[in-house]
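Colleague: Start from the sequences and build out the full structure, keeping to the hints where you can.
Residue numbering for the sequence shown follows our numbering, starting at 7 and increasing by one per position.
Since the hints were made in silico from the structure, they are not lab data. Check the hints yourself; a few may be wrong.
Label-pair restraints from in silico Cβ distances [claimed, not checked]:
no.: 1; residue 1: 254; residue 2: 212; range: 24 to 32 Å
no.: 2; residue 1: 187; residue 2: 137; range: 24 to 32 Å
no.: 3; residue 1: 8; residue 2: 105; range: 13 to 21 Å
no.: 4; residue 1: 308; residue 2: 367; range: 19 to 27 Å
no.: 5; residue 1: 399; residue 2: 304; range: 23 to 31 Å
Every residue gets a Cβ at the ideal spot worked out from N, C-alpha and C, and that includes glycine.
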Amino acid sequence: LGNDVSRNIIHTLSNTNATAAVWVTGMSYNGSTTGTHKVSRNFIHSLNMTSSSATATMNGIYIIGGLTTYQNNMVRLGVDASGSDVTAGVAINGISEQVAGTDNIYFNSVYIGGSNVGGSANSYAFVSTITTNTRNFRDNIFFNARSNGGAGTGKHYAVRVGGTAPNPAGLTINNNVYFANGTGAVFGFFNSLDVANLAAWQAAVGLDANSFYGNPQYQTPNGTSATVDLHINPSINTPAEGNGFDVVSITDDYDGQTRSGLSPVDIGADAGNFTGTDLAGPSITISPLLTNTSSTGDRAITGAQITITDVSGVPTSGTLQPRIYYKKNAGAYFSAQGSLNGGSGTNGTWSFTILAADMGGLTGGDVVSYFVIAQDVLGNIGANPSAGLVATNVNTVTTPPTTPHSYIIVGAPLSGDYTIGVAMLNRALGKNITRERVVKKVM
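Modeller: Here is the structure:
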């Protein structure tokens, strides 16, 4: 037993109160804790509000408990029925889970739009504040394009989940596509803090290793109520193509098409034979690694020592070319831009120089640590080594690799005559001898 709430189109709901903390919600559902409940293949769009209250709220799907699977739904908010932006500074939630339940949220496509937004209210493509019960969030597209105007101070998030430490109890989240690109955009919110990007999100949440950041390429997300379309544009590269997790109980998509007959597993409500995109950062090979040296000057890496390859290519000019980062002992990192030595941005050899003056000079015993970082033209980042790296781009590294490469500045070799004391000779020979015996031995 259980309810099946499917194939509804809900649009053009509005509230015109100018000041009250009103709510407009496309669908609110509370499934019981018995039976199998399903909310699927619904399209909610073009809701409108004009209130100036910062606590006025617009929801696409509002989840208030129970045991329910939400699958293959499409939600477009922030744009009204005429295709105009909803600029009122109200809180907007695409899919909102606010009451503890056992919920599965699979293969949904969400878009939050609107520009020149005023007020201080935040918006979320997906928000869950639950910290208990089993909850699974997989194969969804959460796109927040909402953008502040000059007076707007709200933040516009792709995703928020509850928890205070990595790997929150009961939570599974993975294989989603996230994108937030307007003025005031923030990737996510977790443990009462903003999270800047996907890598930082994965570290904070301890999950989501197989999710992606990029524009899913909806067909007409900002259209009127008659033209809005959250299907995927098949002629533009999309990270939704073939990167999902196979939820075996869900065999169709929003249109009722069989997913397995289109491509392995597409992310979002719309399955199809789309054009995939480059999701991996550049591959960087350093061979051989820098070895210990007695030189205290600059250290050049040239020739075919560093090779960088990438499907879409790395910049070969401008400020986003690959860089080498280096530091002395426990000091701060410095960096220098590399230059293409041979080949191309998709497969090239690069030259870099570690500058001793940046580090205040070098002397015997110093340990120089270094790593190389590159990003492709799509913004995907790669590094060698990469474990632990958190970076927005090649120029903004917030957390360096946990174990960078390193080499030691060794002292110059000894030459000439030196007097060796008895104590030092004892240590060298592993014996206990007297000065008299040393003299006799030398004679």
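Colleague: Please go over all the hints and tell whether each is borne out by the structure.
Modeller: These are the hints, each one checked on the structure:
Under the hint 24 to 32 Å, the C-beta atoms of residue 254 and residue 212, about 25 Å apart, fit the expected range. In this structure, residue 187 and residue 137 meet the distance hint of 24 to 32 Å, their C-beta atoms being roughly 29 Å apart. The supplied range of 13 to 21 Å is met by residue 8 and residue 105, whose beta-carbon atoms lie about 18 Å from each other. At about 22 Å, the beta-carbon gap between residue 308 and residue 367 stays in the expected band of 19 to 27 Å.
Between residue 399 and residue 304 the CB atoms are about 25 Å apart, so this pair conforms to the stated range of 23 to 31 Å.
Checked against the numbered hints given earlier, this structure breaks none of them.
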